[in-house]
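Here the protein sequences line up with chains A and B, keeping their order. Using numbering that gives the first Met the number 0, the first residue of the first sequence is number 0, and each one after it goes up by one. Using numbering that gives the first Met the number 0, the first residue of the second sequence is number 0, and each one after it goes up by one.
Possibly wrong hints are sitting among the right ones.
DSS-like cross-link-like pairs, simulated, lysine-lysine; straight-line CA separation at most 30 Å [what the hints assert, rightly or not]: (1) A:K464 to A:K452; (2) B:K382 to A:K104; (3) A:K197 to A:K113; (4) A:K104 to B:K383; (5) A:K197 to A:K215; (6) B:K382 to A:K86; (7) A:K86 to B:K421; (8) A:K398 to A:K465; (9) A:K104 to A:K223; (10) B:K383 to A:K86.
Hints listed in this document are in silico derivations from the structure and should not be mistaken for laboratory results. This one's a predicted model, so the numbers in the text were calculated from it and none came from an experiment.
Letter by letter, the chains look like this.
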Amino acid sequence: MSTMVSAPAGWEMVVGLEVHVQLRTRTKAFCNCSTEYGAAPNVNTCPVCLALPGALPVLNAHAVELATRAALALGCTVNPMSVFARKNYFYPDLPKGYQISQFDKPLAEHGRLKIGTNAEGTGITVGITRVHMEEDAGKSVHDRYAGATAIDLNRAGVPLIEIVSEPDMRSAEAAGAYLRTLKLILQYVGISDCDMEKGSLRVDANVSARRAGEVKLGTKTEVKNLNSFSNVERALALEFARQTELLERGGRVEQQTMLFDQARGVVRPSRTKEGSHDYRYFPEPDLPPLVLDAGFIERMQTSLPELPEARRSRFAGDYALGEYDVDVLTSSAELADYFEGVARQSGDAKAAANWTINGVLTALNASGDDIDAFRVRPADLAALITLVRDGVVGHSAAKQVFAEMVRTGDRPEQVAQREGLVRVDDDAALRGWIDEVLAEHPAEAQRYLAGEKKLQGVLVGFVMKKSKGSADAKKVNQLLASRAQG
Amino acid sequence: MSERRAARPPETSARGIAERVRDGDITAERAAREAFVRGDDARVGPDGLNALLWTDREATLDAARGHATESDFVDRGDLAGVPIAVKDNIATLTLPTSCGSRILEGYVSPFEATAVTRLRNAGATIVGKTNMDEFAMGSSTENSAFGPARNPRDRSRVPGGSSGGSAAVVAAGMVPIALGSETGGSVRQPAAFCGIVGVKPTYGRVSRYGLVAFASSLDQIGVFGATVDDAAIGLQTIAGRDVMDATSADVPVERYVEASGASLAGLVIGRPKEYFPDFLDARIREKCDRAFDAFRKLGAEVRDVSLPHTDLAIPVYYIVAPAEASSNLARFDGVRYGLRVPADGLAATYEATRSRGFGKEVTRRILLGTYVLSAGYYDAYYKKAQQVRTLIADDFREVFASGVHLLFTPTTPSPAFPLGAKADPYEMYMSDIFTATANLAGVPAMSQPIGAVDGLPIGGQLIAPHFDEARMFGAAYALEAALGAEALR
Chain A
0 MSTMVSAPAG
10 WEMVVGLEVH
20 VQLRTRTKAF
30 CNCSTEYGAA
40 PNVNTCPVCL
50 ALPGALPVLN
60 AHAVELATRA
70 ALALGCTVNP
80 MSVFARKNYF
90 YPDLPKGYQI
100 SQFDKPLAEH
110 GRLKIGTNAE
120 GTGITVGITR
130 VHMEEDAGKS
140 VHDRYAGATA
150 IDLNRAGVPL
160 IEIVSEPDMR
170 SAEAAGAYLR
180 TLKLILQYVG
190 ISDCDMEKGS
200 LRVDANVSAR
210 RAGEVKLGTK
220 TEVKNLNSFS
230 NVERALALEF
240 ARQTELLERG
250 GRVEQQTMLF
260 DQARGVVRPS
270 RTKEGSHDYR
280 YFPEPDLPPL
290 VLDAGFIERM
300 QTSLPELPEA
310 RRSRFAGDYA
320 LGEYDVDVLT
330 SSAELADYFE
340 GVARQSGDAK
350 AAANWTINGV
360 LTALNASGDD
370 IDAFRVRPAD
380 LAALITLVRD
390 GVVGHSAAKQ
400 VFAEMVRTGD
410 RPEQVAQREG
420 LVRVDDDAAL
430 RGWIDEVLAE
440 HPAEAQRYLA
450 GEKKLQGVLV
460 GFVMKKSKGS
470 ADAKKVNQLL
480 ASRAQG
Chain B
0 MSERRAARPP
10 ETSARGIAER
20 VRDGDITAER
30 AAREAFVRGD
40 DARVGPDGLN
50 ALLWTDREAT
60 LDAARGHATE
70 SDFVDRGDLA
80 GVPIAVKDNI
90 ATLTLPTSCG
100 SRILEGYVSP
110 FEATAVTRLR
120 NAGATIVGKT
130 NMDEFAMGSS
140 TENSAFGPAR
150 NPRDRSRVPG
160 GSSGGSAAVV
170 AAGMVPIALG
180 SETGGSVRQP
190 AAFCGIVGVK
200 PTYGRVSRYG
210 LVAFASSLDQ
220 IGVFGATVDD
230 AAIGLQTIAG
240 RDVMDATSAD
250 VPVERYVEAS
260 GASLAGLVIG
270 RPKEYFPDFL
280 DARIREKCDR
290 AFDAFRKLGA
300 EVRDVSLPHT
310 DLAIPVYYIV
320 APAEASSNLA
330 RFDGVRYGLR
340 VPADGLAATY
350 EATRSRGFGK
360 EVTRRILLGT
370 YVLSAGYYDA
380 YYKKAQQVRT
390 LIADDFREVF
400 ASGVHLLFTP
410 TTPSPAFPLG
420 AKADPYEMYM
430 SDIFTATANL
440 AGVPAMSQPI
450 GAVDGLPIGG
460 QLIAPHFDEA
470 RMFGAAYALE
480 AALGAEALR
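Pulled out of the complex, with its shape left as it was, chain B reads as follows (with noise of 0.2 Å):
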C-alpha cells in the first residue's frame, strides 16, 4: 500500500498539475478527466471506497473547458486546473449539498460557499461532493444516509470521520486537494487514518459562509492534501476574512508555501504529557518519538509541558457541540427545502420529517442538546461547559505564552479502526480525544504522517498558537522532508 504512495507520481501534486497546466501542457479539462480516471481506478464511487456521494462529470468537464477559454486570470491561477473534491456540507452551485443526510437528499444549494469561490478562482475544478457522517456528526463516516465510506488503505476499515470521504479520495490519489470540516477533529483524524495531510485552520481564518453548521463556535472548514504542500496551497488560497462571515478574523494572510525549508533552529515544540497517556498504543508512541528525534536534528528543542485540562475536552465538546447543533438543525423542518414528510397537522408533520429525515447520531445530539439547554439544566451543562472550555483555551495560551512555539502530539489513540468496531456512541467520540481540545480552543493544528503500524498509517499532530499556520506549517514541511519514506513505515 505504501508503495503506491510513494509512486505518486509528482505531476499529480496541486503544484505539479498547475504548471502544467500554466505552462498549456495539458488543458484544465484534461486535468478534470485524468482526475476522473484516477477516482475511476481506484473506485471512489458507491461500488467501492463510497467516498464521492455527488459527481457530474459533463458538467465538471464542461466548466473546465470553460475556464480556459472565459478567463486568462483563472487559467494562470496557483490551482489553475487543479482538480479538488469538496465535502458534502459544504455548498456548491451545480453538485448537491446534502450533508450525508436524508433530510437534504438532492437539495442543491443557490449559493456557492465563499471557501468553494476562492478556489475556482484560482482556477480549481470541483470534481465532486464527498461521502460524510450525516451533518459531520462522526469519527468513522459511518453515520451517512448513504452508506458507509471506506479506508482507501484497507476497505475493511473506517476512513475515519467525519471527513472520511475527503481524506480518501485524496489518499486514493484522485485529487490533490479535498475541501473538509471541522468541529473536533473531523479532518485531522481521518488525514491521521487515510496516511494523508489535514489542516484546520485557527477558527475564523476560513470563512464559513456556505459550510453548513454543525456547532458554529467550533466550526471550521479544512483542507486536506496529499502532501503537506498540497495542503498549504489549498488553505492559503481559501484563507482570510470574508464579509459575509461576521466571526472571520481580519489578519493578514501569508503565503504558506513559504514556509517550506525554514529553518527549525531555536524552534521550541511542547510535548504534552497528557497526549501521551498510559494506554497509547506503544507502537504510536514510538512512532512520535521518532518524529521528535527528528525536529530535534534539525535543530528544536523538544520540551515537556501539560495542559491540565485536556481529559474535559470531550465531555465539554459533547455539550456545547449538540447545543449549537439543536438550533443550527431546527431549521430542516420541511416548510422551505429538503425532506417534508406530510402528516396531520403542524407538530406531527415536523415529527415526521424530523423522524425521518435524521438518523440515529444526529437525533441522539439533537435530543442531547435540547436537554442541556433546557431551563433548570443551562447552568449545570452549557454555563458550566463554556466555563471548562475557557479553561482549556487557557492551557494553550499559557503554554504558548511560556515560550513554547508549536505542539506535537499523536493525532488519535489508535489507527483506523473496521467498520462496525464502535457501536458504543461514548468509544466512537473517545477517537477525537486528541483533536477536540484545538476547536475548544479555537488554535489551528494539523496531522501528518509520521509512520504505519501493520500497514495503517500514524498521524502526528502539530498545534500552533491562533493565526500562526505558517510556523505550523513550516514544522509540517520539515518533518515530511525529515521522515521520508519512513512516513509511511
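The following block holds chain A by itself, in its conformation from the complex (with noise of 0.2 Å):
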C-alpha cells in the first residue's frame, strides 16, 4: 500500500464480499455465441443475446459444470434443484431489460474457505453464503463519441457465478487474503482465468464499522469499481477509516454505494442510487427449474483435482520442502504439476524445488511465457537433475545446459556433449589444462607455488573456466594441491 491510512482505534471492521467470476466456457450462457475476449464491438452476437424478439434463451452445459465445480470447490451444498430468476432493469447495455441470475434459490450455499492461519495456528475460515449463476451485462462505452454512449454487447450473456461470502472478514488484508485464496481456487479447478483485467473477476465490496466488542452490525456501504486486490485493500481502508471518522463525530453511516477512485485515492459515494432499485425479480419462465441428480453432482465432485491447501500440506509432508518453497510451488496448479512431474521423475524433490523455483521461474519470468509453452518439460528437467547427481554434469556446467536447453528445447545430454559440458575426471585432461594455466599466469602460479595457499581459488576458477564448467572441480583442487606440496 502506498498511502498509509489510519482509522481511529476502538472499532472493527466487517467486511462480506460479493465476487463475480467469469466461467471459462467457450460459448454464451444462453446462445451459441463465442466468448472471446477482444473481438471487435457487437461481433459476438445474436438474436438470443441481442434480444431479439421471439428469441429464447437455451442454458450452456457446461457453465453449469463449470459452475457446480466452483461451488463444490467452495465446499458449498449443491442444491438438486435451483431456480433462475429474472432481474428487471432499464439499461442500454441489458438488452432484454432484464438480467438472468438466480434469486432465492441459488445454484449453491453454505460453504468455507480457510484464508489463513492466526498466531495461534488455528485456521482463519470465511463463510460462503452462496454461489450462483447469471449472466453478465454488455459494455456502454461513455467516452468515445461525443455525445453519445456506444453499446458492445458481445460481453452480454457471458456466464457467470456470484460468490457471495458472509461478512466474516475483519481487516483489508483478511479481505485481500480471501480473494487471493478464492482466485487460486478457482484456478486449480479451471473455472476461470480470474483476469481482473479482462473483467473476468470482478469485486464488489461490503463494509461496516462497530465498536470493539459490539455483537451487532453496523450500516454497511457497498464500495465498488475495484480493478485489483490491492485496491480493495486500499479502497476498505479507506472507507473505514471515513466511516469510524464519521462515527466518532457522532455521525451516522448512510447506506449507499461508494466508488473507489483510484487516481485521487479516495472513496466518493456513487451518483446512482442503488439503494432505490426495485428489481422485480420473479422465476424466469423460459428456462425450466435447473436439477442436478446426485450422480452429476457426485461426478463433478470426483472431477475436481487436489486443490491449493490440501497440496500445500502434501508437499509439506510427502517433499519435506519449506514454507517458502511450499507456498511457491503451489501457487498455480500449472507450476505445482510441473514440480512434481520433476520430483517424480528425478526421485530428488529438493532438486526439483530448487530448479523450479530458481531455474525454471526465473527463464519464465524473464521471457514471460505461460509455464505451458515453456520448453523444458519436466521429464527433461529431472533428466538433467539425475546426470548432476551421477556427476556426469558439474553443477556449474549444469546451468549452462539448462539455459541452453530452454534456448532449443534440446534433451540435457545432447546440450552437455555437443557444448563439451560432460564433466571431465580423467586426470591427464585435468593436467593439462593445469599446465595450461599456469603457463597462462606465470604470476600467480609463482606465488602459489610458493605456498600462497589462497590463490589456489582463483587457480581452479581459471581451469573451470579454460574448462567451460566440465572440469571436476574436487579433482582439480586435489591436483593442484598436490602439485602445491610437490
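Grab the two chains, each in its own frame, and use the hints to assemble them into the complex.
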C-alpha cells in the first residue's frame, strides 16, 4: 500500500465480499456466441443475446458443470434444484431489460474457505453464503463518441457465477487473503482465468464499522469499482477510516454505494441510488428449474483436482519442503504439476524444488511465457538433475546446460555433449588444463607454488573457465594441491 | 353465410391442395396465386376485413416457384403448396413481424420461428401476416395499432382476438390453415367467433422460438383450420421438441390426422358444471347439449364433473400474464431496433419511445404487471396467483385422474360482439372465462363450430390431459362428422 490510512482506535472492520467470476466456457450462457475476449464490438452476438423479439435462452451445460465444480471446491452444498430468475432493470447495455440470474433458489449455499492461519495456528475461515449463476451485461462506452454512448454487446450473456461471502472478514488484509485464496482455487479447478484486467473477476465489497466488542453489525456501504486486489484493500481501509471518523464525530453511516477513485485515492458516493432499485425478481419462465441429480454432483465432486490447501500440506509432508518453497510451488496448479513431474521423475524433491524455483520461474519471468509453453519439460529437467547426481555434469556446467535447454528445447544429454559440458575427471586432461593455466598466469602460479594457498581458488576458477565448467572441480583442487606440495 | 362455408370446395382444404400439388395438377405458385385471389374476393386486406396486415405477392409467388425447382422433398410434403397465413407476432424472414404494434412497425426478423420453418419444410407457402391485438393483448383484435379486423361472418362484429386476423383469413376462405398464438384463449375464442377450428396445444408441444413473448409461461403457438383435418395437419407439422426452446417438451408427436374415424366407444367426456353457469346464453347451452347428444350417440359417456377453481382463472390470469409481459416487453426500449423517439437523455428517450410505441391496453398491462411484481406486493399478488394457478391445474389433474378422458364446454359465453361493444376492459377480459383455464393449466384444448345463433357461429371446446392431443382430435373429428351441416346452424 502506497499510503497508510489510519482509522481511530477501538473500532472493528466488518467486510463481506461479492465476487463475480466469468466461467471459462467457449460459448455464452444462453446462446452459441463466442465468449472470446477482445473481438470487434458486437461481433459475438446473435438474436438471443441481442434480445431480438422471439428469441429464447437455452442453458449452456458446460457453464453448469463449471459453476457446480466451483461451488463444490468452495465447500458449498449444491442444491438439487435451483431456479433462474429475472432481475428487471432498464439499461442500454442490458438488451432484454432483465438479467437472467438466480435469486431465492441459488445453485449452491453454505460453503467455507480457509484463508490463513492465525497466531495460535488455528485456521481462519470465511463463510460462503451462496454461489449462483447469472449472465453478464454488455459494455457501455461513454468516452468514445462525443455526446453519445456506444454499446458493445459481446459480453452480454457471458456466463458468470456470483460468490457471496458472509461478513466474516475483520481487516482489509483478510479481504485480500480471501480474494487471493479464492482466485487460486478457481484457477486450480479451471473455472476461470480470474483476470481482473479482462473483467473476468470483479469484486464488490460490503463494509461496516462497529465498536470493538459490539455484536450488532453497523450500517454497511457497498464499495465498487475495485480493479485489483490491492485496490480492494486500499479502498476498504479508506472507507473504514471514513466511516469511523464519521461515527466518532457522532455521525451516521448512510447505506449507499461508494466508488473507489484510484487516481485520487479516495472513495466517494456513487451518484446512482442503488438502494432505490426494485428489481422485481420473479422466476424465469423461459428456463425450467435447474435440476441436478446426485450422480452429476458426485461426478463433479470426484472430477475436482487436488485443491491448493491439500496440495500445500502434501508438499510440506511428502517432499519435506519449507514453507517458502511450498508457497511458491503451489501458487498455480500448472507450476505445482510441473514441480511434481520433475520430483517424481528425478526422485529428488529438493533438487526439483530448487530447479523449479530458481531455474524455471526465473526463465519464465524473463521471457514472460506461460509454463505450458515452456520448452524444458519436466522429464528433461529431471534428466538434468539425474546427470548432476550421477556426476556426468557438474553443478556450474548444469546451469549452462539448462540455459541451452531453455533456448533450444533439446535434451540435457544432447546439450552437454554438444557444448562439451560433460564433466571431465580424467587426470591427464585435467593436468593438461592445469599446466596451461599455470603457464598463462606465471605470477599467480609462482606465488601459489611458493605457498600462497589462498590463490588456489583463483586458479581453480581459471581451470573451470578453460574447461567451460566441465572440469571436475574437486579433482582440480586435489591435483593443484598436490602440485603445490610437490 | 353458412352456405358459403358448406359450399367451400374440398380442393381448397390443406389436404386437397397438397394432393393436387403432389399430383402435379397445379404448382405451388398456382396454389399461392389462388389463395391471393380468394383473399381479394373476400377483401381480407385493409380496405375490407383488415385481417391481413403484411403481404408481398411477388416475393411469395417467387418463393412458391422456388419450391418446385429447389427441392423435391418439399414438393412431396404434407403441406405441398398449401398457402398459410401467420400471426404478426410469429417471426418470418421476409415479411414484417410487428406484433400489431407501432413500436415494431416495419421490423423484419433476421431469423424465423421454428414453427414457420417446419411449415415451409413441409411445403407450405407463407402468404401473409395477420392482424392481431397489439402484442396479443386483447380479445377482439380492436387493440391493433393498424386498425381493427372484422368478422367475415358479420363485418360489423369483431373476429375475436387476439389472433382475430388469422381466424378471419381462414373463415373468409383464403387459406385452410393459419398460425395464431394463445396466452389466454387467443386462438380458440376467435375460432369460435368466426366458425372455424382453433387448437391450443399442450404447453411445450410447439416450440415458442420465434413467437414474440407476451407471457412466456402461458404462450403457445396454436393452429386455425377451416376443418378439424386442416388443424390436425397443421399441428402435427409444427409440433415436437426444438433445441432452441428450453420449455419445448421431448414427447413423441402422433400424426393427428390418424385420429380421424377413431371410435368414441368407452370414451368418458366430462361436463364441468362451472362452464355452464346460469348467465350462459340459453341458446349456447342448447348447442352444447346437442353436441353432448352426438357424443352419446357415438358411444361416449357424458359425465357431470366439477373444476371448482374455474372462477379464479381470470383474476389469476390478469396477474400472471401482465407480470411476465411487463418483463418480456422491456426489450422494446428503442435502443437496438424498432421505434425510437429521441428525447433529452436516456430516461426521457425510454419514456417517449415506449409512450408513443405502445397502445393503451399494452401500457395498462405493463403497469399492472410492474405493480404486482413490486417489492411489498409480490407475495400478495404474483406469488398468491401462482399458488392459485396450481389449484386450477390440480382441478384438471384430478378430473382426468378420475377416469374422465376429455372435457367438453362452450368456448365463449357469447357469440361475436359488435365492434366497440366492450369498451370496459373488464368486460372484455370476461370473454375468456372458459378458455384461460387451459393456458393456466398447460393442457391442450380446441374449439370447433357446433352451431349458430342469429347467424353467428358458436364454438364448442374440447379439453384434454397434457399431450393427449390425439384423443382430443379423435373426438373433434367424430363430432364434426356427426354434426355435419348442423355445425353451422
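Verification of the supplied hints:
A distance of roughly 20 Å separates the Cα atoms of A:K464 and A:K452; the hinted pair therefore holds under the 30 Å criterion. The hinted pair formed by B:K382 and A:K104 meets the criterion: a straight-line CA distance of about 15 Å does not exceed 30 Å. Restraint check for A:K197 and A:K113: the C-alpha separation of about 27 Å stays at or below 30 Å, so the hint holds. About 18 Å separates the Cα atoms of A:K104 and B:K383, which keeps this hinted pair within 30 Å; it holds.
Restraint check for A:K197 and A:K215: not satisfied, since their Cα atoms lie roughly 38 Å apart, outside the 30 Å limit. The hinted pair formed by B:K382 and A:K86 meets the criterion: a straight-line CA distance of about 16 Å does not exceed 30 Å. Between A:K86 and B:K421 the alpha-carbon distance is near 36 Å, which puts this suggested pair outside the 30 Å criterion. At most 30 Å may separate the alpha-carbon atoms for a hinted pair to count; A:K398 and A:K465 meet this at roughly 16 Å.
Pair hint A:K104 plus A:K223 holds up; C-alpha atoms about 25 Å apart against a cutoff of 30 Å. The hinted pair formed by B:K383 and A:K86 meets the criterion: a straight-line CA distance of about 20 Å does not exceed 30 Å.
The structure shown violates the earlier hints numbered 5 and 7.
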